[in-house]
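The listed protein sequences derive, respectively, from chains A and B. Take the first sequence: its letter number 28 is residue 71 in the numbering used here, and every next letter is one higher. Take the second sequence: its letter number 47 is residue 255 in the numbering used here, and every next letter is one higher.
Everything labelled a hint here was simulated from the structure, so no lab data went into it. Treat the hints with caution; some may be incorrect.
Unchecked claim - Between beta-carbon pairs, the in silico distance windows are: (1) Lys311(B) x Leu192(A): 22 to 32 Å; (2) Leu183(A) x Ile277(B): 17 to 27 Å; (3) Thr298(B) x Asn135(A): 22 to 32 Å; (4) Glu284(B) x Phe97(A): 13 to 23 Å; (5) Val150(A) x Arg297(B): 38 to 48 Å; (6) Leu214(B) x Phe116(A): 35 to 45 Å; (7) Leu214(B) x Ala195(A): 35 to 45 Å; (8) Ile277(B) x Ala154(A): 12 to 22 Å; (9) Ile201(A) x Pro213(B): 38 to 48 Å; (10) Ala109(A) x Arg297(B): 21 to 31 Å; (11) Lys311(B) x Asp169(A): 53 to 63 Å; (12) Arg205(A) x Leu214(B): 40 to 50 Å.
Here the structure is a predicted model, which means the values were calculated and not measured. Even for Gly, the Cβ is constructed at its ideal location relative to N, Cα and C.
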Amino acid sequence: MNLFVILAFGLMALTTLVGAFGVVTGRTMFASGLWLVLSFVGVAGLYVLLEAPFLAAAQVLIYAGAVAILILFAIMLTRRVMSETPGGQTNNQWAVAAFVAVMLFVVLLGAVNQNWQVSDKAPPPDVLTRLGEAFLGQYLLPFEIISVLLLAALVGSIIIARE
Amino acid sequence: MNSVPLNAYLVVAAALFCFGLYGSLTRRNAVGILMGVELMLNAVNINLVAFWRYLTPEHLGGQVFAVFIIALAAAEAAIGLALFIAIYRTRDTVNVEDINLMKW
Chain A
44 MNLFVILAFG LMALTTLVGA FGVVTGRTMF ASGLWLVLSF VGVAGLYVLL EAPFLAAAQV
104 LIYAGAVAIL ILFAIMLTRR VMSETPGGQT NNQWAVAAFV AVMLFVVLLG AVNQNWQVSD
164 KAPPPDVLTR LGEAFLGQYL LPFEIISVLL LAALVGSIII ARE
Chain B
209 MNSVPLNAYL VVAAALFCFG LYGSLTRRNA VGILMGVELM LNAVNINLVA FWRYLTPEHL
269 GGQVFAVFII ALAAAEAAIG LALFIAIYRT RDTVNVEDIN LMKW
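Please put together the full structure from these sequences, using the hints given.
Here you go:
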């Protein structure tokens with residue numbers, strides 16, 4: 044059982060990171076978008092391993108389903124210019140950017156490496172019910188505000204994209 | 209009972225964040241920059257859920273915050289892509305090196 048969990052974690056982490064590497068190095072934007080789907084699915088697997096099934100389902104539906112399709116649509120609607128541009132998809136600062144990213148990773152490794160006060164408790168068995176009650180109880184105001192924000196974003200994106 | 213240590217999740221999230229940062233710094237296509245931002249938001253979400261699971265599994269605040277970030281990321285993607293399509297329609301490009309209308 045333990046070995047299985049560790050193997051599943053390794054597989055999902057590898058899926059996520061290989062997908063992310065494909066996103067930032069893909070030769071065409073369309074390939075990058077497909078790698079992005081792989082990365083999102085890997086993150087959903089990590090949520091399953093973290094015993095957050097609602098978030099895993101939301102990740103697959105919203106990210107791998109909606110956001111990735113939206114991005115692929117945008118790539119295909121704007122694709123004429125970029126595929127044959129000389130100089131490829133990356134700008135001339137890639138060396139500096141890679142240095143910054145690697146240095147940030149080293150700093151984050153240092154910040155992560157400490158003794159966390161890990162709790163031994165398991166999440167409550169009715170976690171889904173309690174999540175719904177939390178949304179409509181303790182977190183009602185932020186929940187309503189994010190609904191209004193989503194509505195505003197929807198209307199705003201229609202108005203902006205209209206000719 | 210947790211066979212995978214918390215640090216393993218945090219390291220994966222850190223690596224994912226750095227990939228996203230590299231992507232959004234180097235891409236010339238505006239949609240590619242948005243993809244990098246989405247990767248970074250996913251890394252933050254992994255951190256939130258991992259901290260929830262390992263540190264305070266009896267309080268659901270971590271999961272709730274992750275759901276809010278997913279909703280915000282969806283709104284951000286919709287607005288961003290609408291802006292890119294509007295820019296593409298008027299200026300015929302989504303290359304950020306050519307979109308220098310507001311550059312000082």
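I'd like to know which numbered hints this structure contradicts. Please list them from smallest to largest. none
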